[in-house]
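Chains as they are written, first to last, in our numbering: chain A, 1 to 254; chain B, 1001 to 1254; chain C, 2001 to 2254; chain D, 3001 to 3254.
Keep in mind the hints are simulated off the structure, nothing from the lab.
Be aware that one or more of the hints could be misleading.
Capping the alpha-carbon separation at 27 Å, the derived lysine-lysine pairs in DSSO-like fashion look like this [stated by the list, open to error]:
hint, chain 1, residue 1, chain 2, residue 2
1, D, 3253, C, 2101
2, A, 236, A, 52
3, D, 3122, A, 122
4, A, 206, A, 236
5, D, 3124, C, 2101
6, A, 52, B, 1124
7, A, 101, B, 1124
8, C, 2253, D, 3101
9, A, 124, B, 1052
10, B, 1101, A, 52
11, C, 2101, D, 3241
12, A, 124, B, 1101
13, A, 203, A, 253
14, D, 3253, D, 3241
15, B, 1101, A, 253
16, D, 3101, C, 2052
17, A, 203, A, 236
18, A, 101, B, 1241
19, C, 2196, C, 2253
20, C, 2203, C, 2003
21, C, 2124, D, 3101
22, B, 1196, A, 101
23, D, 3241, D, 3206
Going by beta-carbon spacing under 8 Å, a handful of chain C positions derived as facing chain D [what the hints assert, rightly or not]:
hint, residue
24, 2045
25, 2087
26, 2088
27, 2090
28, 2091
29, 2093
30, 2094
31, 2095
32, 2099
33, 2101
34, 2137
35, 2191
The structure presented is a predicted model; accordingly, all values stated were derived computationally and were not measured.
No residue lacks a Cβ here, since even glycine has one placed at the ideal position from N, Cα and C.
There are 4 protein chains.
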Amino acid sequence: MGKVVDMNSDMGESFGAYTLGNDQELMAYISSANVACGFHAGDPKTMRETVKHALESGVGIGAHPGLQDLIGFGRRPMEITPEEGYDLVLYQIGALLGMTKAEGGTLHHVKPHGALYNMAAKNKELAMAIAKAVYHLDSTLVLYGLAGSALIDAGNEVGLQTASEVFADRTYQADGSLTSRRSPDALIHDPEQASKQVLRMVKEGKVMTQQGEDIDIVADTICIHGDGAHALAFAKDIHAKMTASGITVQRIKA
Amino acid sequence: MGKVVDMNSDMGESFGAYTLGNDQELMAYISSANVACGFHAGDPKTMRETVKHALESGVGIGAHPGLQDLIGFGRRPMEITPEEGYDLVLYQIGALLGMTKAEGGTLHHVKPHGALYNMAAKNKELAMAIAKAVYHLDSTLVLYGLAGSALIDAGNEVGLQTASEVFADRTYQADGSLTSRRSPDALIHDPEQASKQVLRMVKEGKVMTQQGEDIDIVADTICIHGDGAHALAFAKDIHAKMTASGITVQRIKA
Amino acid sequence: MGKVVDMNSDMGESFGAYTLGNDQELMAYISSANVACGFHAGDPKTMRETVKHALESGVGIGAHPGLQDLIGFGRRPMEITPEEGYDLVLYQIGALLGMTKAEGGTLHHVKPHGALYNMAAKNKELAMAIAKAVYHLDSTLVLYGLAGSALIDAGNEVGLQTASEVFADRTYQADGSLTSRRSPDALIHDPEQASKQVLRMVKEGKVMTQQGEDIDIVADTICIHGDGAHALAFAKDIHAKMTASGITVQRIKA
Amino acid sequence: MGKVVDMNSDMGESFGAYTLGNDQELMAYISSANVACGFHAGDPKTMRETVKHALESGVGIGAHPGLQDLIGFGRRPMEITPEEGYDLVLYQIGALLGMTKAEGGTLHHVKPHGALYNMAAKNKELAMAIAKAVYHLDSTLVLYGLAGSALIDAGNEVGLQTASEVFADRTYQADGSLTSRRSPDALIHDPEQASKQVLRMVKEGKVMTQQGEDIDIVADTICIHGDGAHALAFAKDIHAKMTASGITVQRIKA
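The shape of chain A in the complex, shown without the other chains (with noise of 0.2 Å):
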C-alpha cells in the first residue's frame, strides 16, 4: 500500500459579526478540519455550519479546543492547572461532538488551538489531562499533536490513536521542536522551499534542522494554514505535490 498523509485546518474561527478564513475553499484540498469551539474563536452557530460542510465534503470533523481568551484569539499562555485543562477541553469537546451528532456525523479527532496546543507540547502533565479528556470522552477520536511532543507521548500513553503533525512553513530544531517564533529564522517564507520540507518528512520521515543535521520526525499530517492571502494556493499547491508523489491524502483512519 502506497504512503498516506493527513492534511489538517483550523476552521470556524468566525464570530459573530467576524468572518474569518476561507474555509468553504480550502476544504477541497483537506481531509481534516478542527473547528473551533467557542473559546477561543467560534460562535454556535460557525460551529454547526463548519459541520455541515465538512461533512458534505467528506473532510473529517475534529473538536479544535482552546483557552478562553476570545480577546487573545487563545494565543496567550496562561496558567492553568491540569484538571483546568481537562475540564475546558471536556467542555469544548462535547459542544462540537453535540453539533456533529445533530448534524448526522461523527466526530473524528482533537487537536488543541494555539497557547493550548504549545503548553501541551511541553508540559506533561497538561499533555496527560488533555488526553485523559479525549479518552474519557470518546477513546475513538483520534489526538493531534505536535510530532515528538508530550502530547502525543501521553495520548499513546492513555491508549489514544494519534497523529503527528508537521508544519510545511516553520523550521526545526536539533531536538525536534520548532523554532520559536521570537527567532528571524522561524518561518520559511519561500513556497517552494515550504513544500519540499513537508514532501519530505512524509515521504522520508526526515527534516532538516536549523543546526543543519537530518533528524526522524513522523508525520502523520500536515497543518494548513487557513488564513493569509496565500493560504489557499498553497493548500491546492502541497494537496498537488503529494498526489503527484503518490502519496494519497486522507484523513487519520481511526
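Following the hints, put chains B, C and D in place on chain A, whose structure we already have.
Showing chains B, C and D alone in chain A's frame:
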C-alpha cells in the same frame, strides 16, 4: 401501579470563585438535576462536579441551557431567532453530554432556563427549534417544560418524551399559565398552602386558579428551588408528603 | 452664517483577531466617530487606537455603548431595566473617557448602539436613564439619538445638548420613525435617491414619508455606515454634495 | 505629627446573581476601597453601588483592574504584552472613573488585582506600562503596589505618588518579597502574630523574614482581606490596635 412524580432542581449554578445553591444537600430529596451549562451560570469544573454528584446520588442528569447572559443570570428576555435558539441549546447540551459521558453516565433530560424557558413556553417557533435541537442530538432525551406550554407541545410534535412541570409556590391563571411575577399574587408564601397545591396537582391533576376555578393540569415533575434559606427544608417536606401520600418520587422514565 | 451638518460613523468595531470596517479611510469624510466600547464590539486596544486616529484626524470622539452581546453585535433587543441601562452606559462611556483622556483628547458625544439605540428611541424610561447617565458623567457631552425619538426628548429634558440623527438610506414613516427593517421598503437602495433625501433633510428640514407626505425633521447629524463595499464611496459622495450645496460638514458644537 | 497608615480592601467583587465579600460592614474599618472593574469580578451595578457606599463612608475609591478571566477570578497568570497591560488597565480605570464622577466623587488610587498585581511586582516592563496608563489617565492618582516591587519603582519613575503595601498574614523573604503561596510557610495563621507583624512594619518599618533576619520595609498601606469568616473581626482588630498605638488610619494623601 401507584402514582409517581419527579422532583427536579436547578443545579451547578456556581461559577469560578462564586458559589450558589445547596446542591449537595438537595440531591437527597430530588430525582432530577438540571445542570447549568455555562451560558447563564456554571463553569466547566462546576458542571463536571455536579454531574459526578448526581451520578453518585442516582439523580437523573439534565442539561439546563440558558441565554448567554451571565450578568443577568439568563433571566432577561432577549430577541433571538429560532435558529439562534437551536444553536445555543445544541451547544450547551453537547457540552454537558461530554461531561456526562466522561463521567460514565447518561444524559437524561433537557430543561431550558429562565427567560429561555419562559420564551419557549409561549413562542411556538422557538419551542420547535429547541425541541428539534434536543431531538437531533439524542431522541431519547426527555424535554421538560411548563405544563400546558408551547414547549411541551413542540416536544410531543417532534417525537420526544416530555415532562410537564408544575410549581408548588406559584399561582396559576385560568388558561393554565403562571401568574406573572409582576403581579402581587404571583407567589404562594405559605409553605403549607404550597405543598397542598402541589400534592393536589400530582394526585388529582387539578389546580385552583387565581380566578377561583379548578382546571386540569399535568404534573409529571415538580420544580424545587435550590436557592434561598428555606429551599432545603421545603424540598424535604414535599418529598416526605409525597411519600406519605403513596406517591413515589422518581425520575421520568425515558 | 451658512448651514452646517455633522457626519458621524460607527468605528472601532474590530475585536482581537477580527477586523471590521474601513475606519482609517472613512475618517477623512466624517466629523464625528462613535467608538465601540467593548460590550457589542471593540477591545481596549482597538478603542485606544481609534481614539488616537480620531484625534489625528480632528474628528469628534463619541462613546458608542451597546448591550453586552458580542455574538449578536448588540443588535438583539434585550429586556433590561432603566437602572441596568444607566449602569452599562456609564461603564462604557467611562472606559472610553479614560482612553480619550490618556490620549490627550476630550470626549465629545455619546450615541447608543444597535438595539440599545432603538430601544431608547421608544422607551421613555430607558431613554431617561441613558440621558441621566451621560449627564451625571459629564454634562457637556452631546447626546446623539434618532431625530424625533424619546432619547432626544430625554436628553433635552435632563439638560444635555442633543444631536438629531437622520439616515440617508432609510425610509421614514408618517410619525417620523424609520420604516422597520422587516418591511421590504425599509432601505433606499439607489445612492442618488439616498443622497437627495439626506440633502433635502439638511437643507429644508423635510422628508417625504412612505405614506407620500412631507414631514418636518431635524437633521443635525447624518449616520454614515462604515461597513460594506460602498460605504467609503457613499461617504465621500455625501460629503462632496453637502459642500457643493454650501453646507459645512463639522461636528456638533458642544 | 503622629504616624499614619492606610488600610485598604478589595471590594465590589460581586457579579450579577453572585455575592462575594462583606463590603458594607468592612467599610467602617478601612480607609481605601479597591473596586473591581468588571474583568476579574464586578459588574456595572456592583461597581456603582460600591462607589456610592465608599463615598458615604468617606473611604478612598480606587480602581482594581485585573486580567480578563472571570472564571479564574483574575488569579491565573497570563502572558500579556506591556501594551496589552496598558490598554486593559486604562479601560478598567476609565470605567470606574466614570462611575465615580457620576456619583460626585473623585478617584483616589489604582491597585492591580491578583495575577496582574503579582506579575507587575516582578516584570519591569509590564510595571512601567501600568504606571504609564495610570499617569496618562490622571497623574494625581496614587499607585498601590507590593512594598519593594517593580510596580512601586515604576510608579515613582513616571512621577506618580505610590503606596507601598504590606500584608499582615503573609510571611516575607530576605529580598522583601512575599513567600510563595506554594510554600507551607506562606501564611501566618495566628491572628496575634499577624497583627504583631503588621504593627511592627508600620511603627518600625521592619519585618522579620523567614530567614530569621530583620529587613527594612515601607508600610504605607495594609491589605485587609474582605473574604472569609474572620475578615471582619481581623479588620476591626487591626484598626483598634493601630489606633491604640497612636497610629492614625487614613487614606494616602494624594
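- Query: Checking against the hints above, which ones are violated?
  - Reply: 11, 18, 22, 35
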